[in-house]
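Chains A and B are the protein sequences, given in the same order.
Residue numbers for the first sequence follow our numbering, beginning at 1 and rising by one.
Residue numbers for the second sequence follow our numbering, beginning at 1 and rising by one.
Don't read these hints as lab results, they were simulated from the structure.
Keep in mind it's a predicted model, so treat the numbers as computed, not measured.
Please note: incorrect hints may appear among the correct ones.
[What the hints assert, rightly or not] Restricting the straight-line Cα-Cα distance to at most 27 Å, the calculated cross-link-like pairs of lysine-lysine (DSS-like) are:
{"no.": "1", "chain 1": "A", "residue 1": "K128", "chain 2": "A", "residue 2": "K53"}
{"no.": "2", "chain 1": "B", "residue 1": "K15", "chain 2": "B", "residue 2": "K162"}
{"no.": "3", "chain 1": "A", "residue 1": "K235", "chain 2": "A", "residue 2": "K496"}
{"no.": "4", "chain 1": "A", "residue 1": "K106", "chain 2": "A", "residue 2": "K72"}
{"no.": "5", "chain 1": "A", "residue 1": "K449", "chain 2": "B", "residue 2": "K42"}
{"no.": "6", "chain 1": "A", "residue 1": "K166", "chain 2": "A", "residue 2": "K185"}
{"no.": "7", "chain 1": "A", "residue 1": "K136", "chain 2": "A", "residue 2": "K235"}
{"no.": "8", "chain 1": "A", "residue 1": "K85", "chain 2": "A", "residue 2": "K53"}
{"no.": "9", "chain 1": "A", "residue 1": "K443", "chain 2": "B", "residue 2": "K10"}
{"no.": "10", "chain 1": "A", "residue 1": "K5", "chain 2": "A", "residue 2": "K72"}
{"no.": "11", "chain 1": "A", "residue 1": "K449", "chain 2": "B", "residue 2": "K10"}
{"no.": "12", "chain 1": "A", "residue 1": "K451", "chain 2": "B", "residue 2": "K42"}
{"no.": "13", "chain 1": "A", "residue 1": "K185", "chain 2": "B", "residue 2": "K42"}
{"no.": "14", "chain 1": "A", "residue 1": "K374", "chain 2": "B", "residue 2": "K24"}
{"no.": "15", "chain 1": "A", "residue 1": "K449", "chain 2": "B", "residue 2": "K162"}
{"no.": "16", "chain 1": "B", "residue 1": "K162", "chain 2": "B", "residue 2": "K10"}
{"no.": "17", "chain 1": "B", "residue 1": "K15", "chain 2": "A", "residue 2": "K443"}
{"no.": "18", "chain 1": "A", "residue 1": "K172", "chain 2": "A", "residue 2": "K85"}
{"no.": "19", "chain 1": "B", "residue 1": "K24", "chain 2": "A", "residue 2": "K443"}
{"no.": "20", "chain 1": "A", "residue 1": "K219", "chain 2": "A", "residue 2": "K185"}
{"no.": "21", "chain 1": "A", "residue 1": "K496", "chain 2": "A", "residue 2": "K451"}
{"no.": "22", "chain 1": "A", "residue 1": "K257", "chain 2": "A", "residue 2": "K235"}
{"no.": "23", "chain 1": "A", "residue 1": "K451", "chain 2": "B", "residue 2": "K10"}
{"no.": "24", "chain 1": "A", "residue 1": "K172", "chain 2": "A", "residue 2": "K185"}
{"no.": "25", "chain 1": "B", "residue 1": "K24", "chain 2": "B", "residue 2": "K10"}
{"no.": "26", "chain 1": "A", "residue 1": "K243", "chain 2": "A", "residue 2": "K231"}
{"no.": "27", "chain 1": "A", "residue 1": "K185", "chain 2": "A", "residue 2": "K443"}
{"no.": "28", "chain 1": "A", "residue 1": "K185", "chain 2": "A", "residue 2": "K374"}
{"no.": "29", "chain 1": "A", "residue 1": "K243", "chain 2": "A", "residue 2": "K299"}
{"no.": "30", "chain 1": "B", "residue 1": "K42", "chain 2": "A", "residue 2": "K219"}
{"no.": "31", "chain 1": "A", "residue 1": "K496", "chain 2": "A", "residue 2": "K517"}
{"no.": "32", "chain 1": "A", "residue 1": "K449", "chain 2": "A", "residue 2": "K231"}
{"no.": "33", "chain 1": "A", "residue 1": "K538", "chain 2": "A", "residue 2": "K449"}
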Amino acid sequence: MSDEKIGVWVCECGGNISDVVETQEIAEAIKDEVAYVNVERYLCSKPSVDGIKQAVEKHGLDRVVLACCTPKMHRTTFLSNLEEKGVNPAFLEIVNIREQCSWVHKDDHEGATQKALDLVRGAVTKVKESVPLESKRMEVVPEALIIGGGVAGITTSLRLSENGMKVHLVEKRPSIGGHMIQFPKVFPTLDCSQCILTPKMAEVSQSRNIDLYTYSEVKEINGVPGDFNVKVWVKPRGVDPEKCIGCGVCNTVCPGKAKDEYNEGLNERKAIYRPFPQAVPSIYTIDYDACLRCGACEKACPAGAIDIDDPGKEIELNVGAIVLATGFELYDLSGLPQYGYGVYPNVVTSLEMERILDVNGPTGSRLIVPETGKEVNSVAYVLCAGSRDTEVGRPYCSRVCCLYSLKQAQLLRERNVDVWIHYIDIRAPGRRYEEFYRTTQEKGAMFVKGKVTEIVPEGDQVLVRSEDMMLNRMVENPVDLVVLAPPIVTTEETLKLAESLRVPIDEDQFVLERHPKLDPMSTKRDGIYAAGVIIGPKDIQSTTAEAEGAAMKVVNFLSGDRVIEPNKAFLSDPEVCNGCEECVEVCPENAITMNDGKPVINDVMCSGCGACIPACPENALDQQGLSDAQLKANIRGILDHSEAELKILAFVEQELAYTAVDLAGIARLTYPSSVRIISLPSMARLKKEHILYAFAHGADGVMMLEAPEHEGPYGYAHVISEERIDEYRWEVEDDDVDSSRIWFSRAYVPDWRKLERVFKTFHDIVDGEGPLEDDVRDALLEEYS
Amino acid sequence: MTITVSREAKEFRRKVMETPGAEKLMRCYQCGTCTADCPIAKRVPEFRPRQIARLVMYGQKERLMEGDLLYLCAGCYTCYEHCPQEVHVSEIVSALRRISLDEGHLLPGFKALMEGVAEMGYIYEIDEFENEMREDDGLPPAPVPDTDGIEAVMRATGFLGKVEASTR
């Protein structure tokens with residue numbers, strides 16, 4: 001017996017285990033190998049747990065193996081009780097002899113008992129190789145960076161500020177307000193968007209907790225979640241925000257002109273400008289692309305606020321969390337000539353129409369074609385002008401076009417303008433939206449089902465061509481103005497930002513949520529959250545809801561120290577590392593960087609999936625809490641002394657697949673007792689060596705049950721594992737192990753029923769092959785003893 | 001055939017919608033409940049209440065007035081009862097019939113029928129045979145109508161004049 005003082009408890013579970021498994025036999029068999037053994041009727045009961053604590057103290061036990069139900073049931077309780085007695089969490093092993101043994105082998109007492117004994121032995125051998133581990137705590141910077149000053153960024157900033165958190169809000173334009181401030185009215189209430197957003201914008205500028213950087217861009221972000229270093233580039237604006245009093249004298253004297261972005265370029269503004277009267281901050285900005293550098297503004301400014309030679313400045317921030325709220329832009333329609341955008345003056349985008357409908361818009365509240373000045377008495381809406389179109393590369397629904405078209409239609413009907421809405425489907429799900437749709441119908445807008453094929457000029461009007469699917473006839477409609485509803489898309493800048501932050505985006509180029517249903521405001525990266533259209537097109541209602549949610553995520557993330565679990569990969573043998581960077585390549589979390597020719601694994605970013613370890617050609621990497629030594633000890637412990645005729649080692653992904661296997665037990669399905677389970681974070685943790693090691697020590701078949709590709713907790717690790725195992729399968733034939741002795745499949749939680757068949761089928765295959773040939777095993781054992 | 005939207009078409013739609021009962025036309029979202037429930041549509045494939053509503057939206061007067069389309073409606077009001085948007089297609093059909101009468105498009109059969117009412121007070125003649133059947137069912141003989149009065153009312157309202165003037 002070695003120095004470790006191991007205590008083993010075997011639970012009868014009131015017969016649930018002991019009716020099948022001879023628990024006393026196990027205790028008897030193992031007693032000479034450990035310091036203490038006991039059998040309990042109900043191990044999870046208070047007296048039994050107290051008994052464990054007393055025995056630990058009395059016998060000076062430092063490691064504990066509990067053979068009972070699944071660790072998903074009582075691991076936390078056992079752990080906290082043992083920690084009270086000074087047992088390190090790494091020294092507790094739980095052996096599942098109920099869900100994965102007694103319940104599934106109820107007609108095979110002998111096999112189940114042998115299996116339970118093997119599993120207990122495996123745990124004992126493994127725990128001997130364990131080393132104490134401590135989780136680390138990391139202080140977080142209790143400040144947040146919000147990128148984007150639209151309604152999402154504003155809402156998140158205000159909410160965090162209310163919470164007392166320091167917020168840095170970065171906006172690329174001269175004012176916050178985003179697209180929402182461009183809308184005259186918002187659906188479905190038809191309230192004035194400027195009236196509801198302006199007070200929030202003012203609140204941002206007045207909040208002491210919010211540092212606002214307008215006309216600024218995030219240039220670089222380094223560091224780790226909880227402690228990011230951010231470089232912000234404050235673009236030269238030629239005006240000192242501290243001195244500018246917003247009087248506008250500079251604007252009156254300025255000779256430079258440029259297109260007015262706030263009005264979607266439908267009119268001109270001066271080179272020195274304030275984008276709109278209620279801008280926040282209420283200061284002027286020089287557009288250097290349009291500035292003639294005449295100096296007139298500098299001379300005219302009564303506050304001495306203007307410096308034409310403003311070089312801009314770089315600011316460094318230190319924040320704990322980041323919220324991406326950069327919003328959207330409209331798809332460039334110049335690539336879709338059938339709509340004639342940019343060719344015919346009476347074809348505009350929906351955003352341009354928002355400005356035309358604004359009383360303070362480029363046409364001064366007159367309903368005219370901006371370019372020609374012709375009065376507008378009829379308007380046709382073209383929905384899905386690029387959205388839901390795989391040819392355009394925008395196969396998704398832009399989600400708000402139906403509703404904003406209904407809104408604009410109502411505003412137009414109030415002015416007695418003829419409105420035609422050409423649609424494929426009207427999508428108005430959402431509170432009060434159906435009612436809004438009906439009101440639009442009642443106000444007399446005409447809805448035509450059929451996608452517009454083309455728009456052609458006819459005099460000073462344009463002819464809109466589509467089918468009317470209700471009548472099965474073609475329709476030609478001459479109108480004064482056509483409004484296109486283009487796809488809502490992510491900006492190039494946002495895509496670059498996401499790439500630099502290593503935040504994955506989806507096939508529609510929106511930020512991928514950590515979980516689309518259960519964690520929609522988190523990105524795949526810790527400490528980085530998202531709100532609004534950056535996660536997909538949506539209305540203001542949903543955007544603000546997400547903004548509130550993102551604020552809550554930030555508060556949670558920064559509310560205390562971060563606990564860094566001791567499950568990380570590490571460079572165990574720096575001497576043999578050849579600096580090949582294979583580990584850097586494969587890491588799904590991008591947690592590994594090279595420093596001085598050696599990999600540095602960031603503990604905060606490493607998820608503990610184990611995918612890098614087999615990738616290392618020199619075996620220089622290992623994992624805390626699941627070292628190669630522990631894994632091998634577990635394998636040989638289970639197999640070495642087993643008297644079972646046929647032994648199958650099943651590596652099972654520890655969250656989803658493991659749960660599925662437990663569920664099979666709970667449902668009392670049955671499968672052969674040859675199957676012995678070892679749980680792993682992902683199958684990507686496995687080396688070929690581990691599989692051969694298992695064969696060397698007595699396995700006749702090895703199977704892997706991986707989590708589903710996209711649902712597993714370790715992301716990409718669950719994807720690459722399949723390819724890896726596939727390679728191993730063929731490579732083991734070099735050692736004369738038939739590839740049919742290796743099985744890979746994925747276990748979906750609701751698919752637990754199929755596991756009965758999976759286990760049985762593989763058992764039958766291995767049984768057909770018979771036990772691994774002695775000479776093959778002996779040869780392997782020489783190499784993998 | 002292509003529908004080309006014109007000023008006249010819009011004017012016709014406005015005129016139909018001014019008729020009491022037909023105001024809610026534009027609420028129609030073309031679900032087809034009216035057609036699926038219509039006892040006439042079950043037997044007459046060209047009679048589609050949904051399409052009648054749609055044709056009115058497009059102001060397709062000629063298409064609506066041609067043939068016996070409008071006079072196929074039995075006036076059972078099933079569409080009225082079942083419409084989820086309260087569009088009242090039956091009322092729209094009534095409005096269209098009124099316009100067809102105003103413009104002299106009354107179907108010849110209907111013309112004869114209406115003239116019969118003015119003459120006999122009934123849409124068909126009541127003779128001994130009808131009254132014997134009524135007696136068998138325990139009913140009194142059909143009242144003898146005041147044909148002069150009926151005709152006077154029909155003429156005073158202008159209805160009879162329009163019926164007589166209809167030249168289709």
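Here's how the hints hold up against the structure:
no.	hint	result
1	K128(A) / K53(A)	holds, 20 Å
2	K15(B) / K162(B)	holds, 19 Å
3	K235(A) / K496(A)	holds, 18 Å
4	K106(A) / K72(A)	holds, 21 Å
5	K449(A) / K42(B)	holds, 25 Å
6	K166(A) / K185(A)	violated, 32 Å
7	K136(A) / K235(A)	violated, 40 Å
8	K85(A) / K53(A)	holds, 7 Å
9	K443(A) / K10(B)	holds, 15 Å
10	K5(A) / K72(A)	holds, 25 Å
11	K449(A) / K10(B)	holds, 18 Å
12	K451(A) / K42(B)	violated, 30 Å
13	K185(A) / K42(B)	violated, 46 Å
14	K374(A) / K24(B)	violated, 32 Å
15	K449(A) / K162(B)	violated, 39 Å
16	K162(B) / K10(B)	holds, 25 Å
17	K15(B) / K443(A)	holds, 16 Å
18	K172(A) / K85(A)	violated, 56 Å
19	K24(B) / K443(A)	holds, 10 Å
20	K219(A) / K185(A)	violated, 35 Å
21	K496(A) / K451(A)	violated, 34 Å
22	K257(A) / K235(A)	holds, 19 Å
23	K451(A) / K10(B)	holds, 22 Å
24	K172(A) / K185(A)	holds, 24 Å
25	K24(B) / K10(B)	holds, 16 Å
26	K243(A) / K231(A)	holds, 25 Å
27	K185(A) / K443(A)	holds, 17 Å
28	K185(A) / K374(A)	holds, 24 Å
29	K243(A) / K299(A)	holds, 15 Å
30	K42(B) / K219(A)	violated, 69 Å
31	K496(A) / K517(A)	holds, 26 Å
32	K449(A) / K231(A)	violated, 50 Å
33	K538(A) / K449(A)	holds, 23 Å
Hints 6, 7, 12, 13, 14, 15, 18, 20, 21, 30 and 32 from the list above are not met by this structure, while the remaining hints are.
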